[in-house]
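Asks: Sequence:
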Amino acid sequence: MNNRRTFLKTVGATSVALGTLPHPVFARTAVNDPDGRILVLVQLAGGNDGLNTVIPFANDVYQKRRPSLALGKGATLGLTDELALHPQLSGLKEIYDEGALGIVQGVGYPNPNRSHFRSMDIWHTAKPGVADKRDGWLGRAFDAASKKLAGQVPAIALGTGRLPLGLVSTKFTVPTVRSLKDYQLQLAGNKAEQTTQRKQMRELVGSGTGGNSDLDFLRRTAATALDTSEKIQSVLEEYQPAQPYPQNGLGQRLQNVAQLITADLGARVYFVSLDGFDTHAEQAGAHNSLMTELSTALSAFYADLKAHGLSKRVTTATFSEFGRRVKENGSLGTDHGAAGPMFLMGDSVKAGLHGAHPSLTDLDQGDLKHHTDFRSIYTALLEDWLGWNAEAAVGGKFKKPRLFA
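Just remember that the working numbering sits 337 ahead of the position in the sequence shown, which is counted from 1.
Please keep in mind that the hints were generated in silico from the structure rather than gathered at the bench. Any given hint could be a false lead.
[Stated by the list, open to error] The calculated lysine-lysine pairs, modelled on DSBU-like cross-linking and capped at a C-alpha distance of 35 Å, are:
id, residue 1, residue 2
1, K518, K508
2, K643, K737
3, K706, K401
4, K485, K737
5, K643, K410
6, K664, K410
7, K649, K536
8, K485, K518
Go ahead and model the full structure; you've got the sequences and the hints to work with.
Replies: Next comes the structure, spelled out in structure tokens:
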């Protein structure tokens with residue numbers, strides 16, 4: 338069996354079965370800092386309608402400008418005498434009432450750009466005035482903290498095959514994983530037959546190749562692939578969620594995040610995305626569904642972390658490239674706007690409302706004016722949560738809101 342042709346066939350099968358070159362992040366069995374804090378970013382791609390997320394239901398302008406889309410007091414989840422959450426955010430409302438959800442209002446940046454691509458780049462690079470996509474804000478943070486992160490993989494992006502710009506670093510390679518189930522060695526046969534196949538593969542890749550450097554490289558690749566498969570299999574078998582996750586895309590991605598966090602793999606940042614927020618037409622139904630997916634997924638994730646004793650170590654933050662305009666359009670939807678809210682979730686978060694709700698009359702070309710620069714939020718997340726210097730990441734010094742208790 339130990340010949341060149343069989344070896345190449347086995348290595349090829351191993352690599353194809355895994356679907357991607359394995360990353361050493363999954364070979365780690367412990368975290369250098371077991372008490373290290375973790376940040377989970379949830380991107381709401383497309384431009385979430387902040388006015389129908391954190392709703393100024395008592396505002397006459399809101400009701401008049403949105404005759405079809407406006408939601409009243411009786412149809413929302415009250416926060417104050419004037420503000421409420423979307424009715425489908427009941428799971429997040431419970432977390433808010435428990436004291437583990439903060440809502441930062443009116444987040445944006447000067448001279449807002451209403452292009453999806455450009456505005457998303459701005460949020461990912463923290464460079465509103467420069468079209469520079471060489472690295473991302475978190476990538477620069479990783480680089481600045483490289484001594485603290487030595488030997489670690491700082492972040493993992495899940496549910497995507499393309500690395501998000503915000504995680505692009507000059508010193509670290511950040512893996513992307515579509516699904517943990519797909520990131521395993523797929524073998525035919527029953528469990529006993531699969532065990533035999535794994536044993537044969539391990540004997541083969543561990544036998545050496547007679548000094549052939551190319552084959553030695555393939556052997557090491559195959560050995561790492563097998564290690565990866567076994568580590569992922571262990572993660573999936575040992576992990577038990579505290580409650581069932583919703584059967585939607587975001588729920589499954591966040592369950593994967595929880596699996597990796599509970600496995601203590603060492604990553605400090607996790608990134609997932611929920612698409613579909615570009616609601617130009619017939620917004621009501623689509624936004625209801627998105628709010629349901631967001632709330633059910635985040636609430637299941639929080640309950641899971643809490644049951645595993647991790648809810649104080651993990652902060653989850655949502656963001657979107659922009660909000661929507663105050664006035665609804667003629668297609669029962671809303672067009673690209675500017676400022677919007679961010680959610681922060683976790684037992685270490687300073688719960689409640691942060692900042693004032695933007696004015697609905699003092700507008701910037703029909704859009705809400707931002708009260709909080711998103712780079713100040715990034716600064717707080719980096720410095721007050723992860724313990725890293727933020728200046729290189731955000732391109733300067735920004736006054737931080739107090740986001741953590």
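Asks: Now look at each hint and say whether the structure bears it out.
Replies: Verification of the supplied hints:
no.	hint	in the structure
1	K518 to K508	holds (29 Å)
2	K643 to K737	holds (27 Å)
3	K706 to K401	holds (19 Å)
4	K485 to K737	holds (23 Å)
5	K643 to K410	holds (31 Å)
6	K664 to K410	holds (19 Å)
7	K649 to K536	violated (41 Å)
8	K485 to K518	holds (31 Å)
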